[in-house]
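Protein sequence lines, in the order shown, are assigned to chains A and B. 616 is the number of the first residue of the first sequence in this note's numbering; add one for each residue after it. 616 is the number of the first residue of the second sequence in this note's numbering; add one for each residue after it.
Simulated from the structure, these hints should not be mistaken for laboratory data. Wrong hints could be hidden among the right ones.
Note that identical chains are pooled: a pair holds if it fits in a single copy or bridges any two copies.
In the DSS-like style, the derived pairs of lysine-lysine whose C-alpha atoms are separated by at most 30 Å in a straight line are [stated by the list, open to error]:
#  : residue 1 : residue 2
1  : 642       : 833
2  : 823       : 833
3  : 766       : 642
4  : 819       : 735
5  : 833       : 622
6  : 766       : 735
7  : 735       : 787
8  : 642       : 622
9  : 830       : 622
10 : 735       : 830
11 : 622       : 661
12 : 735       : 833
13 : 661       : 833
14 : 823       : 641
15 : 766       : 622
16 : 641       : 830
17 : 641       : 833
18 : 661       : 766
19 : 651       : 622
20 : 787       : 622
21 : 661       : 838
22 : 776       : 766
23 : 661       : 823
24 : 661       : 651
25 : 651       : 833
26 : 823       : 622
27 : 661       : 819
28 : 651       : 787
29 : 641       : 819
There are 2 protein chains.
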Amino acid sequence: MTNESIKILLVDDEPDILEFMEYNLKKEGYNVLLAKNGAEAVEIAKREIPQLIILDIMMPEMDGIEACRRIRETKELEHVLIAFLTARNEEYSQLAGFDVGADDYISKPIKPRILTSRIKALLRRTSFNQETPAVQIGNMRIDRDSYLVYKNDEPISFPRKEFELLSLLTSKPGRVFTREDILSRVWGSEIVVGDRTIDVHIRKIREKLGDDVIKTIKGIGYKFDI
Amino acid sequence: MTNESIKILLVDDEPDILEFMEYNLKKEGYNVLLAKNGAEAVEIAKREIPQLIILDIMMPEMDGIEACRRIRETKELEHVLIAFLTARNEEYSQLAGFDVGADDYISKPIKPRILTSRIKALLRRTSFNQETPAVQIGNMRIDRDSYLVYKNDEPISFPRKEFELLSLLTSKPGRVFTREDILSRVWGSEIVVGDRTIDVHIRKIREKLGDDVIKTIKGIGYKFDI
DNA sequence: GCCAATATTAACAAATTATTAAGACGCAGT
DNA sequence: ACTGCGTCTTAATAATTTGTTAATATTGGC
Numbered sequence: 616m617t618n619e620s621i622k623i624l625l626v627d628d629e630p631d632i633l634e635f636m637e638y639n640l641k642k643e644g645y646n647v648l649l650a651k652n653g654a655e656a657v658e659i660a661k662r663e664i665p666q667l668i669i670l671d672i673m674m675p676e677m678d679g680i681e682a683c684r685r686i687r688e689t690k691e692l693e694h695v696l697i698a699f700l701t702a703r704n705e706e707y708s709q710l711a712g713f714d715v716g717a718d719d720y721i722s723k724p725i726k727p728r729i730l731t732s733r734i735k736a737l738l739r740r741t742s743f744n745q746e747t748p749a750v751q752i753g754n755m756r757i758d759r760d761s762y763l764v765y766k767n768d769e770p771i772s773f774p775r776k777e778f779e780l781l782s783l784l785t786s787k788p789g790r791v792f793t794r795e796d797i798l799s800r801v802w803g804s805e806i807v808v809g810d811r812t813i814d815v816h817i818r819k820i821r822e823k824l825g826d827d828v829i830k831t832i833k834g835i836g837y838k839f840d841i
Numbered sequence: 616m617t618n619e620s621i622k623i624l625l626v627d628d629e630p631d632i633l634e635f636m637e638y639n640l641k642k643e644g645y646n647v648l649l650a651k652n653g654a655e656a657v658e659i660a661k662r663e664i665p666q667l668i669i670l671d672i673m674m675p676e677m678d679g680i681e682a683c684r685r686i687r688e689t690k691e692l693e694h695v696l697i698a699f700l701t702a703r704n705e706e707y708s709q710l711a712g713f714d715v716g717a718d719d720y721i722s723k724p725i726k727p728r729i730l731t732s733r734i735k736a737l738l739r740r741t742s743f744n745q746e747t748p749a750v751q752i753g754n755m756r757i758d759r760d761s762y763l764v765y766k767n768d769e770p771i772s773f774p775r776k777e778f779e780l781l782s783l784l785t786s787k788p789g790r791v792f793t794r795e796d797i798l799s800r801v802w803g804s805e806i807v808v809g810d811r812t813i814d815v816h817i818r819k820i821r822e823k824l825g826d827d828v829i830k831t832i833k834g835i836g837y838k839f840d841i
């Protein structure tokens with residue numbers, strides 16, 4: 616079988632990783648395209664319509680999640696396979712990834728054989744119908760598919776960061792997430808924003824859901840609690 | 616500070632790089648160990664069992680790959696996190712590094728913020744998902760995940776220092792902690808506060824939980840006892 | 001009863017978070 | 001490319017909580 620006609624778009628800000636994956640996929644005969652950030656990825660994807668896009672989650676400019684959203688918004692790319700690259704054990708990334716319509720995730724460190732077999736399995740797959748179940752907590756429901764939160768069946772829309780922050784906090788109700796947890800999971804380990812940014816997002820969520828859903832543990836962080 | 620107990624072993628033959636990383640990690644409160652080649656690294660690692668080892672790939676004597684292999688062969692170090700330092704164009708080093716069991720790589724040039732946030736992300740992988748089980752003592756339960764203490768199922772919130780102090784005392788019920796123990800473990804060895812500060816915190820805890828949970832051993836310290 | 005150690009209280013200082021508004025940025029539609 | 005819109009971030013300031021100290025009272029062992 617020949618893979619020549621199968622286009623795979625690789626997206627990562629680390630040239631080393633890009634090169635490494637490119638090498639291994641070309642060896643398998645795939646038609647490999649490269650992008651070094653989310654914006655470029657979206658652009659190339661629209662032009663080339665690849666079968667599969669492998670996206671690093673953590674990237675400057677536009678991260679993988681956002682890029683994925685943009686890609687999914689494009690009609691021609693609605694059913695393109697998208698796999699995320701994540702660091703080992705970063706379950707939240709996986710979660711967020713699936714939220715925006717990822718089909719699979721591949722965890723770093725990447726090993727050649729695993730990479731190729733994973734890709735083959737993905738390409739073999741015909742239907743993609745894994746709906747992320749909506750999460751129900753108290754009188755609110757968080758629907759990861761539509762990026763909507765319902766409070767008493769009333770839909771409230773959240774911008775991306777707010778949604779991801781709320782999503783993180785509600786992933787383990789009652790548990791305190793430190794500012795560091797929040798920063799690295801919502802913003803990524805390499806993107807550095809000030810601490811006040813978190814406060815502001817918390818405030819916006821509180822404005823929409825009420826002051827009492829998110830509790831402040833001074834000196835530690837925040838937690839979602841019903 | 617909580618990072619004090621986290622040992623990080625830095626391995627590089629370039630004294631400048633070593634010093635640079637040491638400076639940045641010490642600033643974060645980590646317990647930093649240094650080695651200038653692979654052989655030394657293996658030796659120190661076996662003795663100190665650090666949580667994380669950052670290895671330069673290119674080194675005289677014994678290179679990073681070989682050192683990594685030796686480290687992984689040691690049972691006690693099997694699950695230690697290992698990150699490689701790579702230069703931009705060492706594209707194959709990744710492959711080799713991951714094959715011998717590396718967890719991540721950090722590419723040069725090293726930027727302080729990226730270094731530290733990367734390290735935090737790495738360390739979180741091992742520590743995040745293991746939930747600290749709540750401790751039950753008598754009619755009270757101490758839940759580190761939610762920063763709450765329950766007395767007869769009734770939640771009582773504690774500010775950080777009080778919580779940490781109570782947490783320390785309850786870590787070994789019945790055992791007496793000297794004022795020195797308390798100071799160094801709750802306040803850290805560098806920050807110096809007066810002895811009365813401890814008394815005040817003890818008092819605040821007693822106000823919330825009742826006078827009898829913490830006993831004073833005059834001239835020695837305090838103990839938690841039901 | 002004496003004395004050093006601890007308790008207690010309230011006032012002060014430091015640290016952390018809340019709030020608000022303004023600017024930056026990207027995107028969509030024109 | 002221009003404009004308008006929504007989102008994200010920051011800066012500045014206010015509000016609040018937490019931590020520390022100092023001063024005074026009390027305790028418990030000798």
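Each hint, compared with the structure:
Taking identical chains as interchangeable, the C-alpha atoms of residue 642 and residue 833 lie at most 30 Å apart only when they sit on different chains, with a minimum of 23 Å there against 37 Å within one chain. In this assembly of identical chains, residue 823 and residue 833 lie within 30 Å of each other by CA distance both inside one copy and across copies; the values are 22 Å within and 18 Å between. Taking the closest pair of Cα atoms, residue 766 and residue 642 never come within 30 Å of each other, the shortest separation being 38 Å inside a single copy and 44 Å across copies. In this assembly of identical chains, the alpha carbons of residue 819 and residue 735 lie at most 30 Å apart only when taken from different copies (27 Å versus 33 Å within one copy).
Taking the shortest Cα distances, residue 833 and residue 622 sit within 30 Å of each other only across copies (27 Å), while inside one copy they are farther apart (35 Å). In this assembly of identical chains, the alpha carbons of residue 766 and residue 735 never lie at most 30 Å apart, being 34 Å within a copy and 35 Å across copies at closest. For the homomeric pair residue 735 and residue 787, the shortest alpha-carbon distances inside one copy (29 Å) and between copies (20 Å) are both at most 30 Å. For the identical chains of this complex, residue 642 and residue 622 are intra-copy neighbours only, at 13 Å inside a copy versus 41 Å across copies, given an alpha-carbon limit of 30 Å.
Proximity of residue 830 to residue 622 under the C-alpha cut-off of 30 Å is found in neither arrangement, the shortest distances being 34 Å within a copy and 33 Å between copies. For a Cα distance limit of 30 Å, the shortest separation of residue 735 from residue 830 across copies, 24 Å, qualifies, whereas the shortest one inside one copy, 38 Å, does not. Taking the shortest alpha-carbon separations for residue 622 and residue 661, only the intra-copy value of 13 Å comes in at or below 30 Å, while the best inter-copy value is 47 Å. Proximity of residue 735 to residue 833 under the C-alpha cut-off of 30 Å is restricted to the inter-copy arrangement: shortest distance 21 Å between copies versus 41 Å within a copy.
Taking the shortest Cα distances, residue 661 and residue 833 never come within 30 Å of each other, neither inside one copy (42 Å) nor across copies (39 Å). Taking the shortest alpha-carbon separations for residue 823 and residue 641, neither the intra-copy value of 37 Å nor the inter-copy value of 41 Å comes in at or below 30 Å. Taking CA atoms no more than 30 Å apart as the test, residue 766 paired with residue 622 passes in neither setting, with 36 Å inside one copy and 46 Å between copies. Taking identical chains as interchangeable, the C-alpha atoms of residue 641 and residue 830 are never at most 30 Å apart, the minima being 37 Å within one chain and 32 Å between chains.
Taking CA atoms no more than 30 Å apart as the test, residue 641 paired with residue 833 passes between copies only; the shortest distance there is 25 Å, against 37 Å inside one copy. Taking the shortest Cα distances, residue 661 and residue 766 never come within 30 Å of each other, neither inside one copy (36 Å) nor across copies (54 Å). Proximity of residue 651 to residue 622 under the C-alpha cut-off of 30 Å is restricted to the intra-copy arrangement: shortest distance 17 Å within a copy versus 34 Å between copies. For the homomeric pair residue 787 and residue 622, the shortest alpha-carbon distances inside one copy (24 Å) and between copies (29 Å) are both at most 30 Å.
When the C-alpha separation of residue 661 and residue 838 is checked against a cutoff of 30 Å, the pair qualifies neither within a copy, at 35 Å, nor between copies, at 39 Å. In this assembly of identical chains, the alpha carbons of residue 776 and residue 766 lie at most 30 Å apart only when taken from the same copy (19 Å versus 36 Å across copies). Proximity of residue 661 to residue 823 under the C-alpha cut-off of 30 Å is found in neither arrangement, the shortest distances being 35 Å within a copy and 53 Å between copies. With identical chains, the CA atoms of residue 661 and residue 651 are at most 30 Å apart within one copy only, with a shortest distance of 15 Å there and 39 Å across copies.
Taking the shortest alpha-carbon separations for residue 651 and residue 833, neither the intra-copy value of 39 Å nor the inter-copy value of 42 Å comes in at or below 30 Å. Taking identical chains as interchangeable, the C-alpha atoms of residue 823 and residue 622 are never at most 30 Å apart, the minima being 36 Å within one chain and 43 Å between chains. Within a single copy, residue 661 and residue 819 get their C-alpha atoms no closer than 34 Å, and across copies no closer than 49 Å, so neither meets the 30 Å cut-off. In this homomeric assembly, residue 651 and residue 787 never come within 30 Å of each other (Cα to Cα): the closest approach is 34 Å inside a single copy and 43 Å across copies.
Taking identical chains as interchangeable, the C-alpha atoms of residue 641 and residue 819 are never at most 30 Å apart, the minima being 33 Å within one chain and 36 Å between chains.
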